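*Asks:* Given next are the chains, with one letter for each unit.
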Amino acid sequence: MNGLRLFRIEARRSVALWLAPLVIGAAWLLARNDLALGVILWPHNSVLARDSVFFAGPLAAGAGAWMAGRDRRHGMGELLFTTPHVRPVRDALIWLATGLWIVAAYLLAGVIILGFTALRASWGEPVLWPLATGFLALLTCAALGYLLGRTFSSRFTAPLVAVGVFLVQIGVGHILLSNWLGMPGWLAALSPIVPVHSSVWYGVRPNIGPGQSLFFLGLTGLILALLAAHDVRDARGRVAGAGAILLPAAVMLAGVGLLRDVPAVSLSETSWSPRWSMIPYEPVCDGEPVAVCVHPAYRAVLPDLVPAVESMTEPLAGASGAPRRVEQAPEMPLNLTGPLAGESSAPQVIPIRISTYTWAGFNATYDVAAGLVSEQPDSRLNDAQAAIKAWLLRRAGVEIDCSGRAQVLVGRSVFTAEQCAAAARFAELDGEVQRRWFETQLPALRKGQLGPELLP
Amino acid sequence: MTVLVQLTDITRRFGLTEALKEVSLMVGPGVFGLLGPNGAGKTTLLRVLATVLEPDEGRLRLLGRDPADREARREIRRRLGYLPQSLGFYPDFTVFEFVEYFALLKEMAPEQVRPAVVRAIERVGLDDRARAQLKTLSGGMLRRVGIAQAIVNDPALLLLDEPTAGLDPEQRVQFRALLREIGAQGTVIVSTHLVEDVAAVCSDVALIDRGRIVFRGTPAELVAHGADEAVGDTPLEKGYTAVLAGVR
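Protein chains in written order, with our numbering: chain Y, 1 to 456; chain X, 1 to 248.
Please keep in mind that the hints were generated in silico from the structure rather than gathered at the bench. Values in this document were obtained by computation on a predicted structure and should not be read as measured data. Careful, some of the hints might be misleading.
Listed next, with one range per pair, are the computed distances between beta-carbon atoms [as the list claims (entries may be wrong)]:
id, chain 1, residue 1, chain 2, residue 2, range
1, Y, L247, X, R114, 51 to 57 Å
2, X, E196, Y, A235, 35 to 41 Å
3, X, R114, Y, L253, 22 to 28 Å
4, Y, A235, X, S203, 42 to 48 Å
5, Y, M183, X, R114, 53 to 59 Å
A few chain Y positions that, by computed beta-carbon distances, are all more than 10 Å from chain X [what the hints assert, rightly or not]:
id, residue
6, N2
7, I9
8, D71
9, H74
10, P84
11, H85
12, V111
13, H174
14, G221
15, I279
16, P307
17, E418
18, A444
Glycine included, every Cβ here is placed at the ideal spot set by N, Cα and C.
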């Protein structure tokens, strides 16, 4: 009862209360661009909800250090020493009261992000382990800050601890992944903000939730045990303290052990892992005569994508060998694609990629144009194929670059002047002429057997 | 007489300096004054009694218990009130929160906390400022907050180091009345260099100089030591200076 009332006073007067709006603001800044995207995906936003730890962790650590130094800063040590309270209990209460506000702000920001996602996502469900590990990581940060604040009591401890935690979590989570220091990549999983892969095809991978949770839980327990040991002077207390340290240390090591199993689906591995089982789904389709099918989570792109695709497929309708279906291919790390969920009888099905970061049809339009003119759209197109592709893209309202100079941003949209000229000549033909040409030449064009001299 | 504080040959050193030298003292209920010049060892003695410092030598019993024993020390602290010479405070706490905080730390029974806090704040005359944050209070008011936290648990042993510093004359008169009231129920040890405080409220007094008790008796007995040629404006001051002159 007294503990609760002490907690209430500590919570009301904690510096963390003033930092809570900062945590929410930082979370919003981090998430606002992604929340404005046309396609809202549960796995991506589940990780997004976790990522406010990026700022909240250092703030929690700084607040912990500040609160730990409060007694010495205000000359309260002697008076407090003459009361019978149990110091570790009071430490734990102050730590909890500090962590409470940061964690509450973090969870509130997470609920806002996930709530927004719930309103707009068309498929799937939240993945909660990233949010949960972030929650535990914040309590760890507050405890770590508190321990450092008690050990090094100075006005500068709190800001130094905050900056230190900020750098460490970035260093561990990002630099180790790039293998600069020759350290094993799994160590990066000790950071609460380590990048993880997320998509609707395989969820959030690798699942480091259990390992991270145990690690942060054990580390928090270890820090609290060290805090309790701070004031132990008698032998009996030291023995009890050693015992109290062993248990959380074991939990922490168990977490590290689980994270060491991660290399099979390593964090730093950027290619598809066979361990990442695909999440089954039924594509949603729209459009005639060529069906445009996407993952149900991408349903929102259909109203824009279908007209663009129809404008390109309309002249080819009825031609022998013309594709019958356009289907979104599963996205894998390193821009790779996985097997199609629906009918995959290539070359009559064109796989497309849909980026959530640009206009939804950006990648898809290029993929459709390439798939219409080639049975192997990922391979290099010949001049005839490129010219027809340029013509198709113009029909879809896409600006093309005829400079012939490859540019990173526009990628496959670059054509030579000759290809653009051939596309312009083809565009001047009557629609019926174009249709008859496709009826006779499309199979050869798609096989790459037509030279530019055979274009009308 | 019930002996609540018993010191036997207590010595406390800070490095090579002996702040207390074989101090022996027995104190019972009432208000006990601890007088002495600056640096005499009054604060050190009070800190030993408050269980802040452990004596290097000698035996100490407080409220019938040995504070060297952990459980006994906790029990002593539950029944202890202490106002240090320099009182720290949490500036953002309100008066009520600060006093309640210490009531809780002193492990008072939960149902007693709130009425005890209200009463302590009333006794120091701060009931109209109970919701004010400490950073908004004057030095004298802060001193009264310090006294409130010290008395909130109705201590059996109340230790006050320079309690009237910063109080205006009217507040000092009120405070002396409060001391008499508390002294009627337990033991109050007041360390001060203001002899008029001692004269007004103390039933018993000790004079400490260079770490040793050089006088122990009633204020009247201390006055009796004063001769006409002794330095001082009041009889007690003359007694005080005469005793010190005698031992130096």
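*Asks:* None of the hints should be skipped; say for each whether it holds.
*Replies:* We went through each hint and held it up to the structure:
{"no.": "1", "hint": "Y:L247 <-> X:R114: 51 to 57 Å", "in the structure": "violated, 38 Å"}
{"no.": "2", "hint": "X:E196 <-> Y:A235: 35 to 41 Å", "in the structure": "violated, 50 Å"}
{"no.": "3", "hint": "X:R114 <-> Y:L253: 22 to 28 Å", "in the structure": "violated, 46 Å"}
{"no.": "4", "hint": "Y:A235 <-> X:S203: 42 to 48 Å", "in the structure": "holds, 44 Å"}
{"no.": "5", "hint": "Y:M183 <-> X:R114: 53 to 59 Å", "in the structure": "holds, 56 Å"}
{"no.": "6", "hint": "N2", "in the structure": "violated, 5 Å"}
{"no.": "7", "hint": "I9", "in the structure": "violated, 5 Å"}
{"no.": "8", "hint": "D71", "in the structure": "violated, 8 Å"}
{"no.": "9", "hint": "H74", "in the structure": "violated, 5 Å"}
{"no.": "10", "hint": "P84", "in the structure": "violated, 4 Å"}
{"no.": "11", "hint": "H85", "in the structure": "violated, 4 Å"}
{"no.": "12", "hint": "V111", "in the structure": "holds, 29 Å"}
{"no.": "13", "hint": "H174", "in the structure": "holds, 37 Å"}
{"no.": "14", "hint": "G221", "in the structure": "holds, 25 Å"}
{"no.": "15", "hint": "I279", "in the structure": "holds, 50 Å"}
{"no.": "16", "hint": "P307", "in the structure": "holds, 61 Å"}
{"no.": "17", "hint": "E418", "in the structure": "holds, 76 Å"}
{"no.": "18", "hint": "A444", "in the structure": "holds, 82 Å"}
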